[in-house]
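Q: Here is what each chain is made of, one letter per residue.
2 protein chains.
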Amino acid sequence: MSLISLFINAGLSVGGAVICYRLILDYIPIFIARKMYGNDQCKVSNAPVPEPMGVICAAVYLIVMFIFIPIPFLEWIGNETETFPYAKLLAILSGLISISTAILLGFADDMLDLRWRHKLLFPTLSSLPLLMVYYVSGNSTTVIVPTIVRHLFQPIVLLPVTINISFIYYIFMGMVIVFCTNAINILAGVNGLESGQSLVISASVSLFNVVQLIRLDSENTTGFWHHSISLYFLLPFTACTAVLFFFNKYPSRVFVGDTFCYWSGMTLAVVSILGHFSKTLMLFFIPQTINFLYSIPQLFHFIPCPRHRLPKYDPKTDTVSMSKAEFKKSELKTLGKLFMTACRTIGMLHVEEFEKDGELYYCINNLTIINLVLKFGGPMHESTLNSVLMAIQVSGTVIAFFIRFYLASLFYDVVE
Amino acid sequence: MSLISLFINAGLSVGGAVICYRLILDYIPIFIARKMYGNDQCKVSNAPVPEPMGVICAAVYLIVMFIFIPIPFLEWIGNETETFPYAKLLAILSGLISISTAILLGFADDMLDLRWRHKLLFPTLSSLPLLMVYYVSGNSTTVIVPTIVRHLFQPIVLLPVTINISFIYYIFMGMVIVFCTNAINILAGVNGLESGQSLVISASVSLFNVVQLIRLDSENTTGFWHHSISLYFLLPFTACTAVLFFFNKYPSRVFVGDTFCYWSGMTLAVVSILGHFSKTLMLFFIPQTINFLYSIPQLFHFIPCPRHRLPKYDPKTDTVSMSKAEFKKSELKTLGKLFMTACRTIGMLHVEEFEKDGELYYCINNLTIINLVLKFGGPMHESTLNSVLMAIQVSGTVIAFFIRFYLASLFYDVVE
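Top line first, the protein sequences correspond to chains L and G. Sequential numbering of the first sequence, starting at 0, is according to numbering that gives the first Met the number 0. Sequential numbering of the second sequence, starting at 0, is according to numbering that gives the first Met the number 0.
Hints were generated in silico from the structure; no laboratory data involved. Possibly wrong hints are sitting among the right ones.
Taking lysine-lysine pairs in the DSBU-like style, the calculated list, with each CA pair at most 35 Å apart, reads [unchecked claim]:
(1) G:Lys-34 to L:Lys-42
(2) G:Lys-315 to G:Lys-42
(3) G:Lys-278 to L:Lys-87
With the hints as extra help, turn the sequences into a complete structure.
A: Written as structure tokens, this is what we have:
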């Protein structure tokens, strides 16, 4: 039955993709007429690009999910002998609540430029139903202790194979949600980047689920459900995102907007929680994690941060190069200095020093991995830049699979 | 426990109202800066009025609900002896999904002017989870047969006291949802009207629930739950809407937008379905139902319909009067003629006839109860008009209570 549901889900996903394609074409002129567009800062022409087109795909996604929801439960409908699997339906509905409110938040942000504190609070609260359902469904909050750690501690204390970290696990899941909903938004600004990275991650996570389904014991119905429910959410997302990428890739005919970034991040986070692989999900977010860590000094203003950190466009050569931030040495805080010294030493930062009006100035590349690619690769065409970033994302996937399926077996006796 | 939950819900509602008040003040300049405003067509000044402010209140509403959700279930948390009431949590979550997608739809409509078919399709589909949960929770689809009908049919056939109308009941509930999400949107355009009517209805339905709770047998835990869950959704809604009305009443400092109309309609529909009083809810929508029936000829174009049907403003007297639609007699369809003749006969239509270029023209009032009030009452100040409409809405409530608690007992042996 679960397999049939998966096939129906895949069919609906294809249908959703077709509808996305038509609706995007349909709504491009409407967006322009309503003045909902952005201007591409890395192009010679200043033609308006409709934004946020992600809301159209997100709406189609929700519709596909609404139509799909009853499918996995058909065998119980009209069947009075077996009790209805309430916990499973609860899992799906709680996931959908988080996703639909993330879409609403993203769309509101696109339209209103919400304040930061509201943007952080809303996804945290909207994930409460999800975490509550996780709790009442009696889901595990135990983590497996790596074999090596147990060996190390053996002379002192005999560690158990698993430890129940209880509420810390909920805090971790909450952080996964907040991180994911913002991570894609931070790594953005190049044609096709937001949709492309999401597409790579969702395709990778889908593949991961399929691999797990194949490896599973036929007895393990719980595991089967976890990876099925992930795919129920992921396949329509991957399909809708693929269409969006088609329009968003260089040269962008549409921009995806914050709507897409929140939708995408929340969907991936939800899937990992419902599928019980939130730790594994983080492996697929390695490029985003590096970008986030590298961005911290500017995000938290240890180092001055300009309004935009997009690459700089040179219309003469039709290439983009790294954008820079210029500031007085005296503006730099202690943590900023530490970070600069460390990054400079390992060659991860472009630094120029000069004097003006008797004061020492620094000029460094803006702290995103996009600018880091341009530091090492030099000026390049925007589509090349996006290809390099996609290649990094795909390498991330390869590393994730390597860690999850090879390294993990070295560190853990038991792998779920 | 349920009572404590109700008090906590009421407390959170008050908190929500305070936050709404602050956020509206906070976001008024942001809406203006982002060019999200409308112009009040019934004012001398053409100052921009922020729109759709409903989205701010709706977001606060969702947050209040997210915080509240765990409360009614606290007694089961950590209690392993009793099974968790999954069906109850499912009911709340499915209601929230419908509401949050209605908010998203409304906001998208405000920003994009969605096509009609998309606007009808989306709420229908987003209510699927709600109806599915209704189904799997084994909820009743029986209706009580009026005593008088049974007596009439007695010589021919012995009708049962209740009839299970099965899937027809689901179609009815689906229609309630589509009707409610659009009914408030159709009766709109006067300062304070959208928020005012919703406030009257939600306060009335809340009162109805309280009355039912008081009348209930202490044994009737199901009934207790139905009216409690209604109040869980209604109290925060009433509180947030009251604040919105404060800003939206004459002279409007904010407009509520389609966002509010969809949110409001969906919330009331959801509440009636979860509380098992969808037929009773229709009684509270009497003014909206009359407005809808009266509007049908223009909505379905039996009679030509101008772009706007708002009352006409006269800056000299600072009053509004009925707006009119002018069209050739030859443009009128058969159904339109029938309607005009019928309404004219009973004095429910203002009709002028005149000739231009040898053709006969009609000029009639636009078909809304707003214009009907102005036909009977003559030109009046906009705030007076809204007060009259509010009075009509309150009378509707009185009639609803009369029908529900007095007339129904004459027609039905058993009243739920």
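Q: Hey, Lys-278 of chain G versus Lys-87 of chain L, does the alpha-carbon distance stay inside 35 Å?
A: holds (31 Å)
Q: Between Lys-34 of chain G and Lys-42 of chain L, does the CA-CA distance stay at or below 35 Å?
A: Cα-Cα ~26 Å, so holds.
Q: For a C-alpha distance cap of 35 Å, please report whether Lys-315 of chain G and Lys-42 of chain G respect it.
A: The hint holds at about 11 Å.
Of the numbered hints listed earlier, not one is contradicted by the structure.
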